[in-house]
Structure formats: C-alpha cells, structure tokens
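Number of protein chains: 6
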Amino acid sequence: MSEHTVSALPVPGPEALDEDLQKYFRICEEKLGLVPNVLRAYAYKPHRLRRFMDIYNELMLSDDSPLTKLEREMIAVTVSSCNRCFYCLVAHGQQVRALSGDPILGEHIALNYRTAPLEPRQRAMLDFAWKLTETPNDVNEADRQALRDVGFDDAAIWDIAETASFFNYTNRMAHGIEMMPNMEYHAMDR
Amino acid sequence: MSEHTVSALPVPGPEALDEDLQKYFRICEEKLGLVPNVLRAYAYKPHRLRRFMDIYNELMLSDDSPLTKLEREMIAVTVSSCNRCFYCLVAHGQQVRALSGDPILGEHIALNYRTAPLEPRQRAMLDFAWKLTETPNDVNEADRQALRDVGFDDAAIWDIAETASFFNYTNRMAHGIEMMPNMEYHAMDR
Amino acid sequence: MSEHTVSALPVPGPEALDEDLQKYFRICEEKLGLVPNVLRAYAYKPHRLRRFMDIYNELMLSDDSPLTKLEREMIAVTVSSCNRCFYCLVAHGQQVRALSGDPILGEHIALNYRTAPLEPRQRAMLDFAWKLTETPNDVNEADRQALRDVGFDDAAIWDIAETASFFNYTNRMAHGIEMMPNMEYHAMDR
Amino acid sequence: MSEHTVSALPVPGPEALDEDLQKYFRICEEKLGLVPNVLRAYAYKPHRLRRFMDIYNELMLSDDSPLTKLEREMIAVTVSSCNRCFYCLVAHGQQVRALSGDPILGEHIALNYRTAPLEPRQRAMLDFAWKLTETPNDVNEADRQALRDVGFDDAAIWDIAETASFFNYTNRMAHGIEMMPNMEYHAMDR
Amino acid sequence: MSEHTVSALPVPGPEALDEDLQKYFRICEEKLGLVPNVLRAYAYKPHRLRRFMDIYNELMLSDDSPLTKLEREMIAVTVSSCNRCFYCLVAHGQQVRALSGDPILGEHIALNYRTAPLEPRQRAMLDFAWKLTETPNDVNEADRQALRDVGFDDAAIWDIAETASFFNYTNRMAHGIEMMPNMEYHAMDR
Amino acid sequence: MSEHTVSALPVPGPEALDEDLQKYFRICEEKLGLVPNVLRAYAYKPHRLRRFMDIYNELMLSDDSPLTKLEREMIAVTVSSCNRCFYCLVAHGQQVRALSGDPILGEHIALNYRTAPLEPRQRAMLDFAWKLTETPNDVNEADRQALRDVGFDDAAIWDIAETASFFNYTNRMAHGIEMMPNMEYHAMDR
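Residue numbers (the working numbering), protein chains in the order written: chain P, 12 to 201; chain U, 12 to 201; chain B, 12 to 201; chain V, 12 to 201; chain A, 12 to 201; chain E, 12 to 201.
Read the hints as simulated data drawn from the structure, not as lab findings.
What you are looking at is a predicted structure, and each value in this text was computed from that prediction instead of being measured.
Ideal placement from N, C-alpha and C gives every residue a C-beta, glycine not left out.
Check before you lean on any hint, since a few could be wrong.
Stated by the list, open to error - Sample of chain V residues with no beta-carbon within 12 Å of chain B, all distances over it, derived:
#	residue
1	D31
2	E40
3	E69
4	S76
5	P128
As the list claims (entries may be wrong) - Cut-off 27 Å, straight-line C-alpha distance, at most; resulting in silico cross-link-like pairs (BS3-like, lysine-lysine):
#	chain 1	residue 1	chain 2	residue 2
6	V	K142	A	K34
7	U	K56	P	K80
8	V	K56	V	K42
9	B	K56	V	K142
10	P	K142	B	K142
11	P	K56	P	K42
12	B	K56	V	K80
13	A	K80	A	K34
14	V	K56	B	K80
15	B	K34	B	K80
16	B	K142	V	K34
17	U	K42	U	K80
18	B	K80	B	K142
19	A	K142	A	K80
20	E	K56	E	K34
21	B	K56	B	K34
22	B	K142	E	K56
23	A	K56	U	K142
24	P	K42	P	K142
25	P	K142	U	K80
26	E	K142	A	K56
27	V	K56	V	K34
28	U	K142	B	K142
29	A	K42	E	K80
30	V	K80	V	K34
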C-alpha cells in the first residue's frame, strides 16, 4: 500500500482534461456528489476513459437489460469478492446498499454471497458469476442450463456472463495500478 | 462441446444486422478474408458489439500505444493461455505469427510463454500479464517496479495492465458463451 | 443459506440455560446490548460454551498480551477474510471499527488487508496470520524472523500465531454449522 | 527444521512451572509415560496452557460425546493429514493405533484416509472433516445432510464440526511455532 | 529460457554413442526425418535411454493395445496440456495431427480438449487423463465406472491410466531439464 | 476403497504367469519375503510389467548412480507424500526405514519432509523433487542452480529429476487402479 489516494500511476488534475471530460466530471459531482476515482485514474489515458465509460454505462446503466440494475451490481460485487478487489467492493457494495435499500445485503455479497438470503434466481446468477471468475475453464452447458432452470433466457445469460466478465477486467485494472476508492462510499447508505 | 460453430447463444444472420454493422462486417471480409466469430457472436447484442469494437480497436490497433502491436498480441495470448481460452489462443496466436513472422514464437506463447526465447523486456511484460491473470491480489508495487527495471514507463505499465485485464474479460466471455474461432485461423501464417 | 438466524443446529432458548450461562448472557446484554450469536449457538453444548468463552476471553480480552486488543481483532478479521467467514468478518469487523475509531480501517481489513495503510509492524503481523491460514505448511523460521525484524519478541510471536490459529477454528465452526451474526453489528461504529 | 526438539519458541523447564502444572505434568508422566510436547511448548504461556487443556480434554476425552474416542482421533488425524501437520499426525496417529488396536488403520488415516477400509458412517465423517479443513467456504447444508444420511444426529454433527475445527487450530499452532512430537510415539502400538 | 536447443544438461554428440544407439538414431533419421530431441537428451544416460525407449515403444507404438495410436497420442497431449509441457505438446500435437489427418483436432487438444468435437468415448477418456494428472488423489471407482459406461473394458482402463501416468513422468523430465522439441514438428501436418 | 487387496483391475494368479515372471516372483519371495503388489498388479499386462521392472531396477537399484539408494528412496517418498499415494508411501517408507536404519526419518519424509533433520544437500534434493511434482511448470534454471549450490553435478541433477518424475508416474498408476500395498510393510523396520 502506497501513499496515493487514487492510483499508483499519474493522475491528471481536472484542469488538464479535455472539455468533454471536464464536463462529464462536473456532472458526476452534481449527480453523485463525487467523481469516482476510477474515472480520475483512467483520465491518465483520455481515449481509454471514453471507451471505458461507454462500455460501463451500456452494461451497468442501460434501461433495456434483462437484469435489474441491482442484479448487475450484485454480480459486480460477487466477482469483486472472488478477486478481493477493494476498489470495486467499496464502490459497488455501496450501489447494492443504495439500490436494494438493504445495507445488510451489501455486506453479505461483499463478504460471502453464499450466506445471503437470496431467491434461487439470484443465487444461480451469482453462482454462475463466481464460477466464471474463479474457474472459467470449468464453465459449460450445464452451468448455462442452471440459469435457464431458474428462468433466465438467452439475453439474460449473455448479460450475466458479460457483466461478470467485465468486472474481471476492472478488478484487474484496480489491482494492476492499485486504484483506491473514494472514501465517501464507506459511509453511504449504511 | 456442442454442435454450434460460433456461440452457444443465438447468432443473427448478417441480413438482420443494422446497416453500420453490415458495413463493418463487409470491411472485415475484404481486409481479413473473414468476419471474426467474436463479432458475429456479439452481434446478438448490437450495442454491446459497438462498445466492444471501440475498446478493442483502441487497445489493440491504435498507433500511439507505448507497446507494439506484436507486444499487445503477445500479452493477449499469454493471458489466454493462463485461462485456457481456445477462441483467443487461436485468433490471437495467429496474430502473433503474422506480426512476428515467426510461427514458432506463436506456439511458444500459446503453449507456455516461459519456454519462449524472449528479451528480458518481453519476458517481464508477460510475467506481469500472467500474474495479473492468475493471482491478481498478489500484484503489487514490486511487480510494477520489475517493469520499470526493464525500461517500461508509466504509460506502458498502464497498457500492459489494461491489455492483460481486457483479455480476462474476453476470455471469460468466450468461456461463458462457448465461443468458437473461425477455422481459417488454424492454417494461417504457419 | 437457510432461514435460521443463528445456526443450522438447534439453539436453546435462554430459559433452558444453566444459571451461570443465563447470568453471563444477561451481562452481555447489559454491556454489549446483545448476546453474540456465537454464544447462543454454542449454548447447544453448554460445556463447550464454557470452554470456548474461557479461551476466547483469555486470547482476545486479557490485559497482559503483548498485542493490543485492536491488533488481536485485526488478526481475527484478516484470518476471517482469508476463510471468507461471514460471521467473524461482521462481528470482529465491528470490533476493529470500534477499537480503532476508524470505520474505513475495518473495511480495508475485512475486504483486503493488503490495501490498508498499515505500519510495517502491523503489515508483517497480518502477512503472518494470512500465510498461517492459507498455507500453514509453508510457514517457517523466515516468517518468524520477519516478525522479529519489525520488533515482535517471542511472546508476541506466540500470540500472533495463536490468535490466527484460533480463528481458523472459529471460522470453521461458523462455516460448519452455518452461524449467522447478530444484525446489530452491521450498523455499529460506521 | 531447526535443532530444537519441542518448539521454536522458549520452553520452560518443569521446575519453573506453577504447582498445578507441575502436578499435571507428573500425572502425564505416570499415566502416559511422557509429557506430551504440546503441553511443554504451551507452558511458555501458562494461562493458555490451562485453557488449551480444558478444551482439549472436553473435546477429546469426555465420556458423553456422541462420537467414540477413536472416531474423534480419526478426525484429528484426517485434519492433520490435510494440513500436513507432523506433530499431530505422529501424536494422534499413535492414538488411532492404540484405540483401534489396528496399527494399519492409523497408517491409512495419516497417509490418505480415502484408502482406508471404512464403514460408510466413518467415511462420511472424515469426508466432512477434510472438506471443512480444505475448503471451509464450500461446506453447506448438503454436507450436513450427508452426515444425517449415515445416521449422525445434530449433537454428533456439532462434534464432528468442532473436532475438525479445533485441529485446524492446533495444526496451525504446531506449524506456527514448529512444534515437534515426542519421539516415543513413533514406536508405540505398531 | 536458456540458449540451448535440446536440454539444460549436457547432450552427447552422436559419435559418442554406443553402436546400438547410433543405429537407432540413424533409423529415426530415415523413418522420421529427425532424431527426436528427447532421445538426444536421454543419450546423456545411455542405460536410461534404452529403458525409456522400451517403455515408450511398448506403450505408444505396440499394435495390441485396446486403444488406437491416435487415442494414445490424444491422452499424451491432454496430459501435457494440463502440465503445460512445451516439448510434449509440440511433439505429440504433431502426432495427433498426423494420425488423425485433422490439424484442427490437434489444436483443440493441445489448447483445451474440452472444446474439441469429441465422441463421448474419447471425451471420457480425456476427462480421466486430465483428472489423474491434476488431482490424482481424487480419482476413484466412479471415474473408472465412467470409462466403463462408454464402453472401455479393464484392459483399456489400464492403458488409459498408464498412458496418462507415463506422460506425467515425461512432462516432468522435460520441465526438470528444460527439454526443447525439434523445430521441424511445428510445420508438419498443418 | 473397495474390498480388493491388490488392485481394482484383475490380478492374475501366479500360475497364469509366463515362466520368466514366475521365476522373478519366486526370487522376490526368497529375497524380500513377499512379491510386491505392484508387480502382481502389473502382471495383468506382462509386457508392461517387464518394462516397468527394467526401468524401476535401473533407476532405484543400479549401483552406478550419483545418488545413494537411500537418497533415491527419500525422493520416492517425498513425491508420494505430495501426491498422497498410499501404496508408495507404505512401500518406499519402509525402504527409507530399512536403508537409513532410522525409523523416525521415514515418518518425517512420509508425513512432511520439511520437518526432517536433513543436511542442506538432502533438503535441496527434496525441495526440487517436491516442486517438480507440485508445480512442474515453475521449475527453472534457478532450481537446478540450487542443486548445484549444494554440490550436485549434472549427472546427479538428471537422476533427481528422473527419480522424482518416475514416481509421478507410479503414484498415478497406484491412484488410477487403486493399488494397495502388501500389509507386511507396515511392521517392517520400525
């Protein structure tokens, strides 16, 4: 653990950003009360930041997904728990608390989703996400069938797989450059 | 292993695609002689396909990266070897053969990069990619320092980390929906 | 996850307890505001409960240990994080928050102690606890020397080893009988 | 491996012990022909020794357990085999030989309990102990049901879980301070 | 990776070999177009080379095995993939291509046999070989029964087990002395 | 564990063996007092038995090895401990007891070689054998150098590597066909 509070690589000041990114950061401040550190860290590579925000917003925030926003956040936290990613556990744990209105559910998923009082549908979804994270080579048709058995269709299976896969990317970025979450998350929605 | 040749989830025919994607696929045919199956599989979710192509092209094909295209492909194959991702080993193994003009190098990286006759710089880069894939929680400042010791700067460290992280996403998508590579890759650049 | 709120095995009502245990539980209520569920679960076997309380109080609460109470709780949480023990992460995570007055420190240790801003002494202590938990057969004289190098003497090394070992016992009891923590812990000391 | 024959930490001479412990050690000598080295090592912390003996005797020697003493020792040896704890394999392996009158059974359990000619009841008991040791987070209701299916009731399930958990504590103490068993065990009950 | 092209230990020139081995190497040259580097490496210990050739030829080339030569080579490649043995993946991967006349099958087995379009019989055979390689202590009667269920008799089960076991020997020799395959294999039978 | 006492596959009676094997078995009876069950099990495939005996005798019994017979047996037991092979631990554990005249040494190596009071030369030899067994892909020049540092030359490094590799073969055969050792070994040389 080093002294930095955002990333082990350089983090540009907001004044150094292109106009579109400065605007985006201001909107974050207004809507969320903070600029997520992942964006500040990614601003080191502005083109990457734009791509990252595009794919992130499409996956996690779009309204036409077969998964609810809460379900997507539960997958994010489960994957991050498997990978022990402090950044994502803190940032997305807060999202689970906020979206569910259930602060304890967030703790269950962050610490050990198997202890959470889940519907079979959600449990199956998180079992798939965990397995795809921990032993991706063992995932096979039987695992997709287990999702179908609790009511997920092909479009949902895609999204479960892609959301879990995507957080295996972000978790590793956080580990790889030692990204630290905004401290504000810790106290929110407890 | 099922009977399909692209993905375990539905794959839309080219005629069902939006115009921009139809055009993109035609360009692939012309330039590469094939439409990579990853694009055909992703076409099941057109918005995701667009996001995926954006980030993929930015990471792997942009000209202003501190890593050569060959180095990026070597990282892709090393990560895919760790995750035993058949799709990416075949598709990106071919890229390593093509970009290096050395068919045996592709075999080394796909089967066991530690046996490859690599410069210390490349070996350090692949060691970092492997570790970030296999035990992300063990990556720390000493691993970044090992990259600096062979001459990589911060911008390069970012790209090594992000490329390795990204293939942990694509590898899991391939495992999660059982994506199969185009058969043409196998014979190319041997 | 089943429906119970304390344990998968029978939990006696307070009225069924021997007088000494009833009294102990009343003291818990008065001092802590709750009877920790581990005690209620252990009351299924009263003799074991008495032995458990003796050893627990000796290890975690005695005043003449070379480790502070906070340090002992940090070891408890680190071991429980390695074992993904929901009960102990919740109950002892609260203790770390309470004893340190630093709610964020508790999150760091519960989710990934390697991200916590620790003094070298504490980091070495937790590295030892983690290794003794995860790969006990790899612990050797070099690991004890690493503790000596940051100032721990033999008496402290014993206590680090015993505290870490003890939570490998309680974590497994919690997993083995599916013990659930009191819900009050979640909101305390945030 | 160092030169010591009891522990890597200081071991007080018998004359330095409190009267109650001196008496206890004399009784050991008379009854067992030796003072187990675990007691001599623990005497470095007399209060801990007293707690350790209390819980050990309650778990392993009490007459009102739903498990026979041999069964408890078989669990001890199975857990110690999983953790590769030399001290406990030697000391409790001897106990299995003595209590069963079957020296070969002790070898089976110490080296690989799956090769032992066991009744289904005992096999299920040791499978549970092994799993709780190796992958505690994977233990769930199905594992408890497997114990019920071969006739164990709740009280027995508790004792299987607690005995297995307890040896995960003692094994780690032995690894953590490099405890060595009395040499006399090796030749006994062959 | 060192500079050598055969082995990290000394490799005698052909002129230094005993007459029988010189003759054997000449036959290899005539029949295969090359002397496999494993033989050149083993020539450092001529008696061992003779024993190795005897057992290798008996296992892999004898005509009275219940397994086809292709099946034996598929086992060899599957085991070598699990152990990530570059030498055997290259040399026996070429054999799978040559014997099957299907260059893509060789890629499937070398990179991830679970993606190969296999008959249930072959899939069961390779599942057994993989498990015996990765977690030998978990192999039990149920695994042998799975082989019987797809039609293998006792004589075939023996050969599946022995072929898989044997390549756990050769893979480790290749890793242990850093054996490198003849470069000619890479281009053959593509 | 099944009921058989030699192997899960058919074991021919001695009268069914070819003359050379009958003679060999009679010599075993005379010299060792028993026919090792591995030979009785292998007699199911007489050609394989002959090859196995050839390579076994060359590796373990030849007089011109740079390793003593005891050292070769110590490697055999260490590898078998890593693989938890009951057959080889029992049969070769007895050999370590017999050749060393030190029954406790055999226990150390069978249960956990790291606890054995070994010379640096022997410790390095067993560390290499363990690593080549457990993580063969991690073995590299530094491991061979560690052997050179304690005085082993190239010829000895070969034999350490080959002996360790060979027992990865025999251990898997024993697991694969559930081979059981002769009961006489247990009591010998205690």
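Hint numbers the structure violates, sorted upward? Per hint list: 3, 4, 6, 16, 22, 23, 24, 25 and 29 violated.
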